[in-house]
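Student: Take the sequence shown: its position 2, counting from 1, is numbered 978 in this note's numbering, and each next residue is one higher.
By construction, these hints were calculated from the structure, which means they are not laboratory data. Be aware that one or more of the hints could be misleading.
As the list claims (entries may be wrong) - With a straight-line cut-off of 27 Å between C-alpha atoms, the simulated BS3-like cross-links for lysine-lysine are:
#, residue 1, residue 2
1, K1106, K1351
2, K982, K1149
3, K981, K998
4, K1268, K1204
5, K1067, K998
6, K1224, K1293
7, K1268, K1224
8, K1204, K1183
9, K1106, K1116
10, K1199, K1134
11, K1293, K1320
12, K1159, K1279
13, K1116, K980
14, K1067, K1149
15, K1204, K1247
16, K1116, K1199
17, K1150, K982
18, K1320, K1135
19, K1061, K998
20, K1268, K1183
21, K1093, K1134
22, K1293, K1204
23, K1128, K982
24, K1244, K1293
25, K1150, K1093
26, K1279, K1106
What the hints assert, rightly or not - Computed Cβ-Cβ distance ranges for the label pairs, DEER-style:
#, residue 1, residue 2, range
27, T1147, Y1248, 32 to 42 Å
28, K1067, V1121, 20 to 30 Å
29, N1165, D1011, 33 to 43 Å
30, N1222, I1113, 52 to 62 Å
31, T1147, E1336, 43 to 53 Å
32, D1323, N1222, 18 to 28 Å
33, F1145, E1318, 27 to 37 Å
34, R1309, E1052, 55 to 65 Å
35, E1216, G1365, 49 to 59 Å
36, E1357, V1331, 34 to 44 Å
37, P1160, A1056, 50 to 60 Å
38, Y1248, Y1117, 13 to 23 Å
39, N1165, L1084, 16 to 26 Å
40, I1161, K1067, 36 to 46 Å
Keep in mind the model is a prediction, meaning the values are calculated, not measured. Where a beta carbon is used, it is the ideal one built from N, C-alpha and C, also for glycine.
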Amino acid sequence: MSLKKKKIIYLVTKGNWGGAQKYVFDLASEMAERDNYEVVVAYGEPYGELGEKLKTAGIRTIEINGLGRDINLLGELGVARSLWKIFRGEKPDVIHLNSPKIGGLGALIGRLCGVNKIIYTAHGWTFNEKRPMWQIILIKYFSWVTILLSHKTIVIAKKEYRQVIDWPFVTTKKLVRIYNGIKPIYFLNREQAQEIFAACLPKRQDKVSNDDLVIGTIAELHKNKGLKYLIKAFRRLVREFENQPNQKGDLKLIIIGEGEERAYLENKLNKYGLNNNVFLVGAIDEASRYLKAYDIFVLPSIKEGFPYVLLEAGLAKLPVVASDVGGISELIRDGENGILVEAKDDDEIEEALGVLINDEGLREGYGRTLYDEVKSEFSFEAMVEEVEGLY
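I would like the entire structure built from these sequences, with the hints used as guidance.
Tutor: In structure tokens, the structure reads:
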């Protein structure tokens, strides 16, 4: 007699690709391979790479019409009705919520439908974003309610844990810190990656050569990623680099990712005359495989939780410059395995990148140290074991 499978529904607000979506995909695909789970993933607009990857993996998906990042009252009522129908029809044993919007609505409807276990992963608290004070207060209130309605809330960094553990009725029984874990990555070599980049660029743009020193990032083109500050700093770095003697190549910046700020960033590049030095190559499937094309990885974010891209950069043995936000300082220790900078400070970004540009030995040392730590402390298997224990 076979045992009844435990049904898990993973929910995430957007069906595109980012850190939360990678987290959902990795967990869902792992659990789907096990005999004791039935896995479903539900997500909202825009429908994109997440859904395609899940369908390729043979995982059943549900698209929730009207669910997106923007908030409007009528839309939320429609989403609430959709969640009610999904939970009543699917009768899940566990719902695992990801991202603030689906977290609050999902936890409430899950409680009303009598779901046995409601898990919420907070991928960075949105009240840490720069917003009007009334919005921050409102977001904190809804974050608090989401924690209370969930049986367990996973935070992905100690800093995020400390921010909420003293809230009323929030106890250690409600909250747990589980770091993101990462699977092995099969990297392309530098030449292969650069060929792919070249194919993504307009013919009018210069290409990247082996002699170039390449700074790079993987990021959604969104204001939270702080890319305008990186471009401003990079503009000055290009001038400094060009004035150095005995340079065989050029200084290049490659940004993998797509998003709503593309037009704004393209205008900045035109204004600064950087079109032959900075390349917006768009979204690329399995972007982490191309990291060997970089000499330095940079993440100038204004808001983060515990970003996968830094774990990926570590496996690629890249030196890292990153903003000291969210849980980043729990991975990157300034002066030991990378350099931390103040968010939105283009002067600090310029200085940190300048140090690494001019010191190949330091680049290699930071890269090796970060690689060793990611391999030993942030395994995917350890993360899955901790999360599964909550189900």
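Student: Tell me the numbers of any earlier hints that the structure contravenes, in ascending order.
Tutor: Violated hints (numbers, rising): 1, 13, 24, 27, 34, 37, 38, 39; every other hint is consistent with the structure.
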